[in-house]
Amino acid sequence: MSKINSVNDFVIKFANVNGSGSASANQMFAKGVFRSGIPVSPKNIFPSNIQGLPTWFEVRVNEKGYLGRREGIDISVAMNPQSYQKDVAELKENGYLIYDSSWKREFGRDDINVIEIPLTKLCVQEFTNPKQRLLFKNLGYVGLLASILEMDKDIYVSLIEEQFKGKEKLIEPNVKALNIGYNYAEENFKDYCEIKVQKSDKTDGLILTSGNDAAGLGCVYGGATVCAWYPITPSTSLAESYSKYSEKLRVEIGTDKNKFAFIQAEDELAAMGMTIGANWNGARAFTATSGPGVSLMSEFIGLAYFAEVPTVLFNVQRGGPSTGMPTRTQQSDILCSAYASHGDTKHVLLIPSDPKECFDFAVEAFDLADRLQTPVIVLLDLDLGMNDWSTKEFEWDDSNQYDRGKVLSKEDLDGIERFGRYLDVDGDGIPYRTYPGTHPEKGAYFTRGTSHDEYAGYTEDGVKNAEMLTRLLKKFQTASSLVPAPVFNQEKNASSMGIIYFGSTDCSMQEALDVLDEQNLKIDAMRIRAFPFNLEVWEFIEEHDLLFIVEQNRDGQMRTLIMAEGGIIPDKLVSILCFDGQPITAEHITNKINAHLSGKPALAMS
Amino acid sequence: MTYIVKPKNHHPLLEKNKLGLTRRDYEGAVSTLCAGCGHDSVSSAIVEACFQLSIESYKVAKLSGIGCSSKAPAYFLNQSHGFNSVHGRMPSIATGAAMANHELTYLGISGDGDTASIGVGQFVHCARRQLNMTYIVENNGTYGLTKGQFSATNDLESKSKYGDDNLFPSIDLPTMAIQLGASFVARSFSGDREQLVPLLKAALSHKGFSFLDIISPCVTFNNHKTSTKSYDYIREHNDALSKPDFVPLGKEIVTEYPTGSSIEVPLHDGSLLALEKLSQDYDPADKIQAIKNIQESQRDGKVLTGLLYADPTAKDLREILNVSDKPLNTMGKSELCPGSEKLEGINSGLR
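Sequence lines, in order, name chains A and B. The first sequence runs 2 to 607 under our numbering. The second sequence runs 379 to 729 under our numbering.
Derived by calculation from the structure, the hints in this document are not laboratory data. You may find that some hints are simply not true.
Incomplete in silico selection of chain A near chain B, CB under 8 Å [to be verified]:
(1) Thr210
(2) Gly224
(3) Val227
(4) Leu250
(5) Ile264
(6) Leu270
(7) Ala271
(8) Gly274
(9) Thr276
(10) Ala284
(11) Leu304
(12) Phe395
(13) Gly438
(14) Ala445
(15) Thr448
All of these numbers come straight from a predicted model, not from anything done at the bench. Backbone N, C-alpha and C fix where the C-beta goes; we use that ideal spot for every residue, glycine too.
Start from the sequences and build out the full structure, keeping to the hints where you can.
If you want it as structure tokens, here you go:
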């Protein structure tokens, strides 16, 4: 029997029953590989369910640092009889199937290598507690993997010790469970598997964390003091990260009181209202949600836009429309975020592509919101938000100052004849504001969503209202010079063709560009990081005859945005789309580009 | 009448309060509501209460939703920041604002449509969370700005101006507020200034969620003979529980109630609300009795007014969340940013 043979380059997929404690064991496996110095990209493919339904966990191990999802499974750890059929079918020829042979099975494939381990039987022998018998099967297969992949078992022992720090009693049985699998494999499968993990140094300077965790931490560093939110997958862990880090880092010494307010609102409308109220009153506040929440918040987003209240919103996108696929990923809220709310509205979008950038953009979002006095929406997606990524370490320069924007103090007000909340004093479209309670006689104004003049007074003068709307457009123009510039793959454009992409697609794109390069296809590439589009974005579009726009949605929403905002002719922009709820793969991108270039109609989905 | 600018000069002999301010200093823009609107009387009572309490206007935030009532904040306290938000969502704006700076006084003005229908969810949770604010519903049983549709507080037996029957029973907001945990609940009538002003003063001085349901007739759409929220109807059916008198901090109690018939409610800032009992079963500290009183009065076709329930010891939202005594909006980078050293520690935990 032939066997897949590779070092530090494979995809392993775990199939489990949801709620059986498998995710933390699978996570531990990935972290063990990461600690061995090889970048990993674990992806939890979970159902919208708490217990009982099938769940999967994919880990791509790749020394080159390609962290996008890759089709084809090299090793399948099939722990769920419900999904055996699917799991076995997905396995590549000559791949390895690991299953619990307490109940023997035939799988009907003679082109795969089956590794049998009677995990249930072994755990029943070793443990008396029924819950432990079930739970420790997970660590059992981690031990087995450590053995067959020839990994350093001690890495897992230390991971267990770290995980149960403070609950030392749990260390011993967990290590025992690890050893059950490890020792069984040492005895029965020594030198069997030809896929290996060899220690490397490719994770130097990297950490393993999720975009949501990073963004929550970024909010702490960015000075957010109020988080109002409503639970919704996949954004919940972002708010929870803020709370977790705040409890560690933001408690007053001496009084034990919180330098933050964390409020679980009654719905997304209230979450957004609280965020706006707090920002209006001079605190940095944010909310986190996903598509359905953005729909609900839209009325308030329009108010913040028109009344010019700084607001930070994280939209961790999931599969839509409607309730859609709550536990799958998409980039399908581009348009509904950019133009959220009725009437003429446009919003600043920041689009990070990895957890490090989630941290950085969270910090930047507050500066931009304060500077521009407008909603700033940070667009993540489920893949980036909820999965752990091998990402660059967080960095912080202690000399950084918060930019609180144009806020008038009591002294400033003393020196002003008449304060006009919506006067464009500096000609950049950004007016000055005051916090309530600043000055006994000056600076008070009425914040309203109704049409208003420069002094915040209600007006039904249509010309005046048109002036206000035009100034808001000027402010948006100013925003385009302040938001993060795009990232280019090349120093100088070298092709008449270009690729435009954004967000979590980045990891697959790096791999796709290398593959295209190997195929001698020279295509320039640009990663958009913000809306409104900067000058550099328009120049890149101008300088290429044909542009592929890679997006994880059905309608090519970024393409629409580019066409609408720049008056770009549709023929120039070719969509490469993926919207099956799985993160896009490099193969998908290269196949679609090749198909288009060879004149075949590129189907929307493969 | 927005084009009419109020003259700024004051009569030199106008009465002044502790801050040396006159009532005129607490006024707002000229009202654009209908002549005779109950809401204007409420605005005037707010001016009076703030004047008497010597409140610094600029330390008040006036918040509202949408509707006739929600326009009212423009008509009092010119030197306060105002926030006319979206329909039914004032409570969430107030919650965020109060978390940012707990040192201001938050005064929310809402209506029966704004609170009992579109905003009922936010009202419920705001009361439940014990936000430190005064929440006023100017309750007229009708949608004024859209010309006379029934609101959810309109009584079942009350017909519209055009003779239409109301098909659904009314929501009683004070009963709801008490049940939800509001720690100060009162009902009054825009036409009863003697009762309204002391209740407002007490509500503004109370720490926690102060709720005032003020029957405030709509002269244009709900002041006809078959309405149960008309001036005439409320005057005839007003069932006052008590006669309130607000005693500020440090003042001697000089109310002349017969012995045994008065109740004193201590307030957070040290002031007192002295109440002359007008009913035997009156005890504003008793939640269950309070709800019973409201329901019985309603059964008897009356409108119970006065302080219905108060718990001066309740914790407010900021205390419940253990938020710092220093307002969050005054904290700068040095207090909020954990710095690079801590970040390095976090990095090493993620390797």
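Status of the hints after comparison with the structure:
no.	hint	verdict
1	Thr210	5 Å, holds
2	Gly224	4 Å, holds
3	Val227	5 Å, holds
4	Leu250	4 Å, holds
5	Ile264	7 Å, holds
6	Leu270	6 Å, holds
7	Ala271	4 Å, holds
8	Gly274	3 Å, holds
9	Thr276	6 Å, holds
10	Ala284	3 Å, holds
11	Leu304	5 Å, holds
12	Phe395	5 Å, holds
13	Gly438	5 Å, holds
14	Ala445	5 Å, holds
15	Thr448	4 Å, holds
Every hint, counting from the list given before, is met by this structure.
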